[in-house]
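Chains A and B, in that order, give the protein sequences.
Mapping to the working numbering: the first sequence position 42 is 481, numbers consecutive.
Mapping to the working numbering: the second sequence position 140 is 141, numbers consecutive.
Treat the hints loosely; a few may be bogus.
[Unchecked claim] Using C-beta positions, here's what the derived DEER-type ranges look like:
| hint | chain 1 | residue 1 | chain 2 | residue 2 | range |
| --- | --- | --- | --- | --- | --- |
| 1 | A | Lys-660 | B | Trp-23 | 18 to 28 Å |
| 2 | B | Tyr-199 | A | Gly-545 | 43 to 53 Å |
| 3 | B | Gly-18 | A | Arg-507 | 26 to 36 Å |
| 4 | A | Tyr-451 | B | Phe-21 | 36 to 46 Å |
| 5 | B | Arg-108 | A | Gly-687 | 49 to 59 Å |
| 6 | A | Gly-687 | B | Gly-18 | 50 to 60 Å |
| 7 | B | Ile-127 | A | Lys-446 | 31 to 41 Å |
| 8 | B | Lys-253 | A | Ser-614 | 48 to 58 Å |
[To be verified] Capping the alpha-carbon separation at 25 Å, the derived lysine to aspartate or glutamate pairs in DMTMM-like fashion look like this:
| hint | chain 1 | residue 1 | chain 2 | residue 2 |
| --- | --- | --- | --- | --- |
| 9 | A | Lys-660 | A | Glu-696 |
| 10 | B | Lys-253 | A | Asp-686 |
| 11 | B | Lys-253 | A | Glu-512 |
| 12 | B | Lys-253 | A | Glu-528 |
No lab work stands behind these hints, which were simulated from the structure alone.
Ideal placement from N, C-alpha and C gives every residue a C-beta, glycine not left out.
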Amino acid sequence: MNISVKKVSISYGRHRAVDSVSLHIPAGEVTVLVGPNGCGKSTLLRGISGLQSLEEGAVLYDEKNIRRIHGKERAQYVALLPQSPVAPEGITVQALVQYGRHPHQGLFQRWSKRDEEVVAAAMQQTGITELAARPLESLSGGQRQRCWLAMSLAQESPIILLDEPTSMLDIGHQSEVLALVKQLAASGKTVVVVLHDLIAAARYADRLVAMRDGQLVAQGKPADIVTPELIRELYNIESTIVPAPGDGAPVVIAALEPVSC
Amino acid sequence: MNISNLKPVPAGRVIRGGSFSWVLPYRAGLVSLVLISITLVLFIYALMAGETSLNPVQVFKSLTGSADWATNLLVGEVRLPRAVAAWSAGAALGLSGAMLQAITRNRLASPDILGVNDGATFMVMIMVMFAASPVVGEWRISCGGALLAFSILMLLSRNVGSHGHRMLVIGIGVSQLFRSVNELMLSRGHIQHATAVYVWSIGSFVGRGFEHALPAMFGLLICVPWALSLQRHINLFSFDETIASGCGVSVKSVKLQTIFVAVLSAGLGLSVGGPLAFLALAAPIAVSRLVRSSKVAVVGSLLTGGLLALGGDLAGRMLLAPIELPVGVVCRIFGGLFLLLLLVLPKRNAG
């Protein structure tokens with residue numbers, strides 16, 4: 440399912456967090472939003488999810504305007520994993536993943552055969568099957584993040600939005616989670632991820648979207664758009680870009696002295 | 002890896018037929034059965050015990066109407082109605098506490114905090130002050146008082162805030178306001194009025210009967226199915242609200258409905274015998290300890306609330322017999338101890 444973002448603006452009170460952003464997000468690719476803190480990328484993500492109401496513009500899933508999608512139906516279109524989500528105390532891994540089935544359940548449809556299969560598959564895909572009976576709190580950060588991903592997967596939505604899924608993880612768990620994200624896109628889902636780490640972003644994104652002050656600065660393949668000029672525009676620093684060994688993805692190395700301006 | 006033995010199991014027995022599917026939770030089911038059994042035993046004991054103690058045979062006979070005139074009167078007109086009143090009051094309060102605690106994700110939330118008790122006391126006091134006789138006649142007015150407090154709360158807070166926290170904080174203010182007005186009126190009013198209101202504000206089931214229990218029972222017939230239909234949505238409030246709405250819950254509507262049901266059932270509960278301290282707070286905590294689940298226990302809290310009120314009233318009647326302790330006092334003594342015990346004991350729970 441493709442997403443079209445058309446001249447979307449979102450404000451908090453007087454502050455315009457997202458300012459007339461237009462984007463096309465294709466299915467089967469990982470689209471990564473980057474930019475300095477407070478640039479509006481998380482707000483844009485919430486706008487795309489339909490949880491944040493738009494001040495102007497429209498978001499379309501294929502041809503369908505999200506203004507006309509509500510509640511349960513919306514949750515069947517899109518799964519949003521917020522930054523550092525909070526889980527109920529003492530919850531087990533399988534109980535967590537089962538909550539992902541909520542939009543497919545009803546008062547008298549509490550646990551169908553399909554629910555069971557999808558939850559099993561989601562746990563399998565994220566490699567947490569062995570952890571099923573463990574309390575979430577007892578797991579490492581990377582494992583926990585995979586459990587949350589499994590919950591999102593259990594929603595069976597064609598669109599998956601992740602807000603900084605790797606922010607608390609070490610490099611090992613980070614690669615593990617991002618590889619999984621890449622795999623999801625390869626299976627045909629539309630994946631949008633907010634990331635802080637530019638190296639990881641450039642490495643795992645099929646399409647990179649850079650924002651600053653609520654506006655779109657650049658978008659395209661990482662290799663095409665990641666330049667010292669872009670980094671200066673986004674973060675006010677000088678940098679050197681070198682190709683990563685192997686795939687040649689651009690690696691940003693910040694200069695020691697920040698630009699004075 | 003063999004998929005077949007990797008089935009995710011919900012903690013209960015799955016029942017499926019056509020598009021219907023349901024999970025009967027083992028532990029919650031067991032706890033409910035135990036609660037019901039204890040309640041039944043207490044019920045029978047409440048009918049037997051008292052100044053004139055009866056044996057089970059006499060009780061059974063009087064229930065079927067075949068005992069002598071005096072026993073029939075004692076059981077049918079005094080003890081049974083009072084036990085039913087106590088149970089229904091406690092059940093309504095237990096339900097209310099469960100709903101509020103789940104939606105606010107706060108174990109210390111209870112209808113008292115929302116100003117429901119003080120609003121009800123306010124209305125009762127107005128009525129006592131301006132009625133010709135100092136006797137509190139229409140206790141049901143307290144339900145109106147609870148709803149009045151709630152309306153003021155809604156007007157002031159406009160939206161309930163994340164997890165209803167905004168509402169809780171404003172509720173504390175509203176209840177303080179009511180309390181100060183109440184105390185002002187008490188200090189200026191006639192001593193007889195003050196006594197009548199004091200008895201009410203402590204909570205007692207003396208002379209309570211079917212006519213008081215009936216509105217609460219009827220209200221429960223509305224509140225319980227409503228709460229049950231909200232239950233699976235409320236469960237998602239144990240996450241943050243972004244996750245709840247991301248899973249398709251209409252967060253705003255569920256919050257409002259939940260708080261409304263909580264206030265309505267609290268109002269109904271305390272219209273029976275006045276506010277019972279700690280009950281709405283303790284019942285849901287006790288159940289979640291027994292069931293060891295983070296899910297909201299609608300039925301469990303209802304049963305526990307009823308059990309505690311019935312047991313409390315019975316204890317009040319028996320402990321210092323022939324002197325009767327108001328159930329409110331019993332609730333305060335045991336409720337406080339119970340709560341401390343729960344907070345101090347290490348907890349074990351699982352999803």
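Hints and how they fare:
The hinted range of 18 to 28 Å is not satisfied by Lys-660(A) and Trp-23(B), whose Cβ atoms lie roughly 50 Å apart. With their beta carbons about 49 Å apart, Tyr-199(B) and Gly-545(A) fall inside the hinted range of 43 to 53 Å. Look at Gly-18(B) against Arg-507(A): about 34 Å separates their beta carbons, and that is inside 26 to 36 Å. For Tyr-451(A) and Phe-21(B), the Cβ-Cβ distance of about 44 Å falls inside the hinted range of 36 to 46 Å, so the restraint holds.
Between Arg-108(B) and Gly-687(A) the C-beta distance comes to about 55 Å, which sits within the given range of 49 to 59 Å. Gly-687(A) and Gly-18(B) have their C-beta atoms about 57 Å apart, which keeps the hinted 50 to 60 Å range intact. Remark: the range hint 31 to 41 Å for Ile-127(B) to Lys-446(A) is contradicted by a beta-carbon distance near 57 Å. Distance hint check for Lys-253(B) and Ser-614(A): the Cβ-Cβ separation is about 39 Å, which falls outside the suggested range of 48 to 58 Å.
Simply put, Lys-660(A) and Glu-696(A) have alpha-carbon atoms about 28 Å apart, too far for the 25 Å limit, and the pair is violated. The straight-line distance between the Cα atoms of Lys-253(B) and Asp-686(A) is roughly 47 Å, outside the 25 Å bound, and the hint therefore fails. A threshold of 25 Å between alpha carbons decides the hint, and for Lys-253(B) with Glu-512(A) the separation of about 17 Å falls inside it, so the pair holds. Between Lys-253(B) and Glu-528(A) the CA atoms are separated by roughly 23 Å; this keeps the pair inside 25 Å, and the hint holds.
Taken one by one, the earlier hints fail for this structure at numbers 1, 7, 8, 9, 10, listed in ascending order.
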